[in-house]
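J.: Spelled out from the first residue to the last, the chains are:
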Amino acid sequence: MKISDLSSAEIRSLLGNGELLIHIQPFVVRIKTDIPSLVQDIASMYVHFDVVPPHRFADFHVEVSRERGLRRWFSPLARFYFDGRPSFIPLPVHQAFAMLEWGVNWCVAAHAHQYLILHAAVIERGGRAVILPAPPGSGKSTLCAALITCGWRLLSDELGMYDIQSSRIYGMARPLNLKNRSIEIIRDFAPQATMTAPVPDTTKGTVCLMRPPDDSVRRKSEPANPAWIVLPRYVPNASAALAHHSSAKTFMLLAEQSFNYEVHGAQGFNAIGDLVDQCECYQFTYSRIEDAIAVFDELSLGESS
Amino acid sequence: MTLQSACWSLNSGHEITIKTWDQQDEAVAYVHTTGRTHLLSILHITLFYLLKSKNMTTLDVIQDLLQETASTYPEDVYNPVETALSQLQEIGLIKKQPI
Numbered sequence: 000m001k002i003s004d005l006s007s008a009e010i011r012s013l014l015g016n017g018e019l020l021i022h023i024q025p026f027v028v029r030i031k032t033d034i035p036s037l038v039q040d041i042a043s044m045y046v047h048f049d050v051v052p053p054h055r056f057a058d059f060h061v062e063v064s065r066e067r068g069l070r071r072w073f074s075p076l077a078r079f080y081f082d083g084r085p086s087f088i089p090l091p092v093h094q095a096f097a098m099l100e101w102g103v104n105w106c107v108a109a110h111a112h113q114y115l116i117l118h119a120a121v122i123e124r125g126g127r128a129v130i131l132p133a134p135p136g137s138g139k140s141t142l143c144a145a146l147i148t149c150g151w152r153l154l155s156d157e158l159g160m161y162d163i164q165s166s167r168i169y170g171m172a173r174p175l176n177l178k179n180r181s182i183e184i185i186r187d188f189a190p191q192a193t194m195t196a197p198v199p200d201t202t203k204g205t206v207c208l209m210r211p212p213d214d215s216v217r218r219k220s221e222p223a224n225p226a227w228i229v230l231p232r233y234v235p236n237a238s239a240a241l242a243h244h245s246s247a248k249t250f251m252l253l254a255e256q257s258f259n260y261e262v263h264g265a266q267g268f269n270a271i272g273d274l275v276d277q278c279e280c281y282q283f284t285y286s287r288i289e290d291a292i293a294v295f296d297e298l299s300l301g302e303s304s
Numbered sequence: 000m001t002l003q004s005a006c007w008s009l010n011s012g013h014e015i016t017i018k019t020w021d022q023q024d025e026a027v028a029y030v031h032t033t034g035r036t037h038l039l040s041i042l043h044i045t046l047f048y049l050l051k052s053k054n055m056t057t058l059d060v061i062q063d064l065l066q067e068t069a070s071t072y073p074e075d076v077y078n079p080v081e082t083a084l085s086q087l088q089e090i091g092l093i094k095k096q097p098i
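As given, the protein sequences belong to chains V and W, one line each in that order.
Its first residue numbered 0, the first sequence is counted upward by one per residue in numbering that gives the first Met the number 0.
Its first residue numbered 0, the second sequence is counted upward by one per residue in numbering that gives the first Met the number 0.
Only chain V is shown next, with the shape it has when bound in the complex:
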């Protein structure tokens, strides 16, 4: 059964009772909330995801609920709970969905040490994956959002889960997090994309979430073989260009952008080394989305220099 098979009233009831379990492959997350806007956003953004029966095991038990007290009457706050314990500072209630997404990211990054977890967008075509590791503001989510509307499969826009044993990479195909100007860029580029209402004044500026494509969600359990590591950088007025990036520097960036590299110790070192060995490493500058897509198409066809 999928979220789309449930009525709004059923989703609201399950969420209110903490009985909505969503399968975000390979994890199951149990969600509870009493916030109407969050109910709507979950129903819209996770519409293609499978629902797990309430009595089944869940990896993560999370809740986003309104804070009690007088303040709730004039400036309501919401708080994220993990395993029933309040986690992180409360945020304005209109940021509830972004808070849920950030919270679930934290759950995975802090607990799923069976993977080497990379702060990276990951997309796939023909079984081969492009890993886009980059600090915030580099344009990786914008690029990722555009590419998945043009034939690339979404694995993740935020967390790449590298399986050290099989040397393959997984993603959860969850909603994409767009920020500030990228919201407008993707709206113009892909008007058919479904997005939440923009939420202003978050710690990351204005944010909104974009629904992942149905096909990516359906295939979310399929890993891909890492083939390229591309470090994107948005440069105003720059033409789209790929340049080779040294293996050692790419290694360093991946280590820096890994949430649990240090947890794995020497195994993590070897894993990143193997990952770099598997891939062609590039730095990519771009300004126009259309040009970027053409370059990635060439890359997937093996036509890059």
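Please keep in mind that the hints were generated in silico from the structure rather than gathered at the bench.
Covered, in the sense of this in silico footprint (three residues per stretch, anywhere, with C-beta under 8 angstroms from a C-beta of chain W), are these stretches of chain V:
1. 240–247
2. 259–272
Pairwise CB distance ranges, derived in the manner of DEER restraints:
3. V:E183 x W:S11: 53 to 61 angstroms
4. V:P135 x W:D21: 29 to 37 angstroms
5. W:L58 x V:P235: 38 to 46 angstroms
6. W:L58 x V:E66: 54 to 62 angstroms
Bear in mind the structure is a predicted one, so any value in this text is a computation, not a measurement.
C-beta atoms are modelled at their ideal positions from N, C-alpha and C, and glycine is treated no differently.
Assemble chain W onto chain V, guided by the hints.
T.: Relative to chain V, chain W alone:
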């Protein structure tokens, strides 16, 4: 990891794993410490002429470099890395100083 800290690690008995790539003059190194922390950085070393002149692999050159520096300058009297590098330049083990 600087060359100095790599040598310090060797002298203090820590194992170091070094990873290199063909035709690239950079390497990454991992110090097997007992605690959670470890050092990791790029060793900026120009190697190509060494590969030609000594018929050595990149990894051989880096390991030789570290061993030579570490044995020349034991931990308790360790000189500044610049001095060590001058010595290594004299014996032809490096072409330019690490960045």
